[in-house]
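Colleague: Chains as they are written, first to last, in the working numbering: chain U, 1 to 199; chain X, 1 to 616.
Hints in this document: simulated from the structure, not taken from any laboratory.
The beta carbon of each residue, even a glycine, is placed where N, CA and C say it ideally should be.
Take these hints with a grain of salt, some might be off.
To give a feel for the contact side, a few chain U residues facing chain X, derived at Cβ under 7 Å [claimed, not checked]:
| id | residue |
| --- | --- |
| 1 | Glu38 |
| 2 | Val91 |
| 3 | Pro112 |
| 4 | Leu114 |
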Amino acid sequence: MDTIRLIIVAVGGQGNLLSSSILGEAALLSGIPVGMSEIHGMAQRGGVVESAMLFGDALSTVISDGEADVLVGFEPSETLRALKKCNRNTVVITNLAPLPPFTVAMGKGVYPDLDRLQDLIRAKTEKLIAMDALKLAKQAGSNLAVNMVLLGALIQTGKIPVSAENVKQAMRTKVKPAFLEINLKAFELGFSAAQTGRS
Amino acid sequence: MHKLLQGHSGLKMFLLGNEAIARGAIEAGLAVGATYPGTPSSEISSNLFEMSQESELYFEYSVNEKVALEVAAAAANCGLRSMAVMKHVGLNVAADALMTLAYVGIKGGMVILTADDPFMFSSQNEQDNRFYGKLSGLPILEPSSVEEARVMVRYAFDLSEKIREPVLFRTTTRINHSTGIVTLGEVSPVKREGNFIKDPFNYVTIPAVSRNLHAKLLKNMEEAKQISESSEYNFCVGEGRWGIICNGVSYNYVRDAVKDLGVEEKVKILRIGFSNPMPDNLIKTFLEGCERVLVVEEGEPYMEVEVKAFAQERGLTLPIDGKAPDLFSRLYEFDPAMVRKTIAAHFGISYNPPAVADLSDIPEIAQRPPNLCAGCSHRASYYIVKKAAEGMETVYPTDIGCYTLGVLPPLSMADFLICMGSSAGTGCGFSKAAGKKVISFIGDSTFFHSGIPGLINAVFNNHNLTLVILDNGTTAMTGHQPNPGVDMNMLKLKGYGRVSIEEVVRGIGIPVVTVIEPFKIRKSIEAVRQALQFEGVSVVISRQMCTLYAKGLKLESKRAFRISNKCRNHRNCIDELGCPAFYVREGTIQIDPGLCTGCSVCAQVCPENAIVPIKD
Chain U
1 MDTIRLIIVA VGGQGNLLSS SILGEAALLS GIPVGMSEIH GMAQRGGVVE
51 SAMLFGDALS TVISDGEADV LVGFEPSETL RALKKCNRNT VVITNLAPLP
101 PFTVAMGKGV YPDLDRLQDL IRAKTEKLIA MDALKLAKQA GSNLAVNMVL
151 LGALIQTGKI PVSAENVKQA MRTKVKPAFL EINLKAFELG FSAAQTGRS
Chain X
1 MHKLLQGHSG LKMFLLGNEA IARGAIEAGL AVGATYPGTP SSEISSNLFE
51 MSQESELYFE YSVNEKVALE VAAAAANCGL RSMAVMKHVG LNVAADALMT
101 LAYVGIKGGM VILTADDPFM FSSQNEQDNR FYGKLSGLPI LEPSSVEEAR
151 VMVRYAFDLS EKIREPVLFR TTTRINHSTG IVTLGEVSPV KREGNFIKDP
201 FNYVTIPAVS RNLHAKLLKN MEEAKQISES SEYNFCVGEG RWGIICNGVS
251 YNYVRDAVKD LGVEEKVKIL RIGFSNPMPD NLIKTFLEGC ERVLVVEEGE
301 PYMEVEVKAF AQERGLTLPI DGKAPDLFSR LYEFDPAMVR KTIAAHFGIS
351 YNPPAVADLS DIPEIAQRPP NLCAGCSHRA SYYIVKKAAE GMETVYPTDI
401 GCYTLGVLPP LSMADFLICM GSSAGTGCGF SKAAGKKVIS FIGDSTFFHS
451 GIPGLINAVF NNHNLTLVIL DNGTTAMTGH QPNPGVDMNM LKLKGYGRVS
501 IEEVVRGIGI PVVTVIEPFK IRKSIEAVRQ ALQFEGVSVV ISRQMCTLYA
551 KGLKLESKRA FRISNKCRNH RNCIDELGCP AFYVREGTIQ IDPGLCTGCS
601 VCAQVCPENA IVPIKD
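Given these sequences and hints, build the entire structure.
Modeller: Okay, here's the thing in structure tokens:
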């Protein structure tokens, strides 16, 4: 099968690694070859966490600049920063709720304007799906469910060769029972938001 | 039960490379393991340590890598299967033990895991540890994938027993921190009862003994070479007159590139997984079938140099290339597009790389560097020392841990760092050469690891030096592993001792020892100021538990703080502390109550007393 290359970027603490491991388990359930690599050296110290996932027959677990088929960004300025991984045919999904880096408070940098950010991404890629994933996560019952909202949106695009059912099945084994309901709801909300194009 | 213990043979799991390695060791019947934590190897040890609490395995966090290797070496010479786990630079610490252990050899299988870090995602250098195989005379195995890592670790124990030498198992970050589908194998029973049979004229390395042992090592290496020649880990893929020799993750990039470029009929790939000793006949035969050869390996031209030597021995003159300005670099890690492009250019294959988006109109995005956590005691300690040293000309040698982040503004409290423990040793040198007051910083785990000899040196040679020991009660940076100063009862683990840093320091004979609680700012500044006045060696122990660790242990939490309307926007809080719980909204300073841990340091720094605890 053709290789599908997915990049997920997030800020430490946003639950990127849980969503990518759920996606990996779902691929395993679907019988799809999958490989992943993560860079999270100092994630707990507020840095960026990046997961690269390759579905299909590739042996590499790294995605070069310009070669992502799909980019999911849990934080808008990080989505923009990761645009170097994209090309004209990339589908981008981004959260619109900012977590400004501390350098902004220190006056050592400017946070990008959100409208301009979306225009730029739209102009350089095939499609942008943007939503306030934090709002939807709160609606599902927890600020921490941003990761599942975006996972839902990702699956809705049909770009990843795993079914929503297998992702939910993987969630049941990976998510703590107490949070499962909220996470499933967040997944559904993200899925529908991507469908309607609104959040 | 630990997930890596309950999985039955044949089960498919989606595992991190480090989990697959831990599982491979369990499948091999590992009996005794030891480590000093270091990224990218840390999860191997954390998984083995957890499993040791519910299995026959003995696993310890040793004080440093040298001791870890010695622990494993002794167990292996009692006939048990043993393992020492460390990051690449850890093997420098253990190198003294490694070199002569190779002479002595082992009885039970012993694997030394060295995790290299090309690109230095979380390391101070990107040294290529394959050269340790050459230096010591020990075999090296290098996996290319997560699944292969599991199988290969298992095999490494068998190989070790066969040639009676420890085996170096070399990974890179992209193996350790990749995740893939792994099919579990059978778990072998653990042989846990060792027996040391005295044989001093083979074990005690006096010169007369070592002369024999070196000859024995060379014989063992000869045997290893025969095994390498026919090893299933050195294999060929494809047919053609263009040859590519590769190892580790480079093999994946090469395979994908050859497929993407559509040259599978033209390229023959030799994957080297058993890389010391190199299989010379296999390589010579491979070269004879090629018009030209490209060696694809991250790091140093380790294979390339040997392959060229083999060609010379066989009288072959075909072009062999690898590292060159227009080919592969010795710097950093490789990636699929770079390998694809270089292969295409080298063999003259037509290739149009995909167009990367033009990003010239993207505005500069505020950087997001890692930062000390909200409520981190190191921030307070740095602030205290900075204030206490005001007016002094200072140099700040630092060390390895979270607190190295103190190098960043606004703290800017780090001037020199080369390795674990170097704050103490270089502090001695600076005191004689820098012409400034020397204030060194070291964490608790790093102090035990290799800071103590430097401090003893400072006492003996009477250096003028203040060592600030940042004691946060855990090895925080690598994921809160234990160290000899940790209270293991808090982790509900029994049977451990505990070493007091203060007693060690006093025992060394430090004349001035000051213990501070860094969240008490004014009192601490005064205490540190006095310690700095002392001509000679003084030690400040700044004692406050890591805030993340305390949270993990569910210890008492404090009220978060807020900015009251007394704020006059001096911004000392932001400008001098740089705590990530702060942010600016519409020109006014705010504190995120979800991030604030209530350490109260900012409240003590604010000139208007405008920062107050949130009332219910």
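Colleague: Hint by hint, which ones does the structure fall short of?
Modeller: Hints 2, 4 contradicted; others consistent.
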